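Participant: Sequence:
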Amino acid sequence: MKYILCIFFIGLFYAVAFSGLSPKNQKAIDSLYPIATNIENPVESRLGAYNRCCWLSAYQDYNLCLKISSEYYDLTVKYQNVERQITALHFKGYACMMLGELDLSESCFELALNLARQHNLSYKTAEAYGDLGNLMVKKGDVKLALKYHLLSDSIAEKHNLNVPRARAKINLGEIYENKGQYKKSLHLFKVALAICEKNALGGYKSSIHEKLGDVNCSIKEFDKAMEEYHISLYLSKKITNVNRQISAMQKLGNLHFDLAHLDSALIYFQKAIDLSRKNEIMDYEASLLTSYARYFMAKGDLNEARIKIEESIHLFNASELYIGRDQAYFYAGEIYYKLKLQPLSNKALLHSFELAEKSGNLLIKEKSCKLLAQLYKDIGEYEKSVEFYEKYISYKDQRRGQDEVNEVLKFNIQSEFLQINLTDSLNRQKEVELLNLEHERFKEGESTKSILFYIGIGVLLLVLAFTIYSLLIRRKRAFELKHKNTIITEALHTKEILLKEVHHRVKNNMQVVSSLLMLKSRSTTDESAKSALIDSQKRIDSMLLAHQKMYRNNNFEEIEITEYALDIFKMLLDPVEGKDDVFKIEGAKHVLLKVEKAQVLGFVIHELVTNSIKYAWPDNRLKSIVLSFEETENEVCLHYADNGIGLSNDIDLTSIKSFGLKMIHSLIRNQLGGTIELEKREGLMMKITFAK
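Sequential numbering from 0 applies to the sequence shown in numbering that gives the first Met the number 0.
Since the hints were made in silico from the structure, they are not lab data.
Note that the structure is predicted; figures quoted are calculated from it, not measured.
Backbone N, C-alpha and C define an ideal beta-carbon position, used for all residues, glycine too.
Since no wrong hints were added, every one of them can be taken at face value.
When the alpha-carbon atoms are kept at most 25 angstroms apart in a straight line, the in silico PhoX-like pairs for lysine-lysine are as follows:
id, residue 1, residue 2
1, Lys270, Lys23
2, Lys376, Lys519
3, Lys548, Lys691
4, Lys596, Lys569
5, Lys499, Lys593
6, Lys219, Lys494
7, Lys357, Lys346
8, Lys506, Lys529
9, Lys178, Lys395
10, Lys137, Lys357
11, Lys596, Lys506
12, Lys183, Lys137
13, Lys686, Lys537
14, Lys337, Lys298
15, Lys395, Lys494
16, Lys506, Lys519
17, Lys236, Lys26
18, Lys178, Lys204
19, Lys237, Lys197
20, Lys537, Lys656
21, Lys390, Lys537
22, Lys569, Lys686
23, Lys183, Lys223
24, Lys588, Lys691
25, Lys337, Lys369
26, Lys537, Lys661
27, Lys613, Lys537
28, Lys237, Lys223
29, Lys204, Lys189
Estimated spans, in silico, between C-beta atoms of each pair:
id, residue 1, residue 2, range
30, Gln670, Asn552, 19 to 27 angstroms
31, Lys346, Gly659, 44 to 52 angstroms
32, Phe555, Leu258, 32 to 40 angstroms
33, Glu526, Lys219, 46 to 54 angstroms
34, Glu380, Gly299, 24 to 32 angstroms
35, Glu500, Lys197, 42 to 50 angstroms
36, Gly299, Lys613, 56 to 64 angstroms
37, Pro41, Lys183, 43 to 51 angstroms
38, Lys219, Lys613, 51 to 59 angstroms
39, Tyr453, Ala477, 33 to 41 angstroms
40, Glu562, Tyr614, 23 to 31 angstroms
Required output: the full structure, derived from the provided sequences and hints.
Facilitator: Structure follows, in structure tokens:
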């Protein structure tokens, strides 16, 4: 009777616990698990059966894997088998990580690492470092994750351990891809793929192809990304890796969603969420519910979108999952905003921003700040609206810089492929030319043996053939040269456009900063603060003039300094100019300076004029400023004079406390490498000399 009950409970255990397994794996575990649990069997047989059961369940049923690996670990501790103990901790920690029990997972991995290091087990040490690195990614600590994966890679390289090497390369490639270092990421994935091909490590190939798809998505090679994801899905089905199947289907769904193929996206989302629910993989279910919410929001069904996003947030919070939680809260805030639920929207968006700050998700920070700025504007909290709008502008500029880097990277990668094809084409052409030359020599040798009657005809034919051949070669070379020149011209044009766009954006950013300072100065009642804000605005405006000059004149290397100085005069002196005041620029015309020196000199002129306006004429006398330039072959000399009260006779520019004069002295000595001379006379007379 006792044995009948045991058989009944074992059968019931199989029916319930193994329901998430493939038929093949379920059949294998049906035969292995009784061997593992039978205490009458030899210990090594039981340990081997437990190990195989963990392998079969690890990627399909995490709850089952946790149960079996816990039993496996208890048995290894009982019989003090260290290597098996570390393996059991690996499976147990992995199952806990996938089920969202991150602290328990970390304890398992750290215990495995300590055991491996104590017993000098290189393979297990590299594996444990890799496990901890993956866990840190789940927790959002990218810096620590990178450290662990680099340690794993170092140990694997040192001891030539193929599987840990492949794992480390894949994990490092994923981290570098998330940091935007796509070239390094592609290199690591290709190295990992080569290791897998050479050593027949088929289990990792699905992961590598998925990561290659991610990189191609990042550089907007969507067709190539689609191909890589399909390969990953095919390989994961082949080895029955449920986790990788869900990931590949989710990424295919997201790619179709981004390409506005909503119906195709829904199909992949549905398949992925069904598989994640069947296997109780909560992290994928949570992120897929976020994708569902985006789908219904795109379709205009906000109520259904709200249901899905709230389910997603509940799962994220219940499982203490970090990756993707910032996105879930952002889309919740967006949905609440569209439903006019402003308090809920505000709370969700603020939480999204906090999570994105921790994870470093620049896109979510930008989107959250933009929507918060609009939300606070709608409810009349303008100060908070301006605060978040300034943050939005900052994050937008940072991300735009990343996008520009991505475009340049994509161009470089495409250029590399083009260069490879061009090299192959030139090599083939050289082979053809060599064969033609050998053929002509053969014909010449044969023609000498012919009778005299055919000599003349042969010579004529050779001349004709050579002429045609020369024309064809010249035409072909001309075509190749033209093609190369076109490529070079396009590349130069692209770089010029990028440079022009950078200066244009710098100019626009300065305009935004200037406008913000102006708005802030208008709303400030403190006169000293207001004066400081206005001074800062004017200084930025003077730098802005330089970028306007470069952009309008389409010259990004030199600036005509007299025109630049005249613009600064007009900007600063027009508002204070009286009827009989004299403000003029004399001396050399068309003085060209490098951009860096021109900007510094413009800043110096701005400070001199500003100081004259503030301090030179306290008694409302007639105002006069004369600025003159002298240019020699190697030097430029600037004379600045006003008719104000001047400076004291014992003034020392090296120790003066005035911020403006101290800055002028520092800029001229350190930035321009020039000299300053003060003349003792009525008003201020300053001579500045520096090398061109």
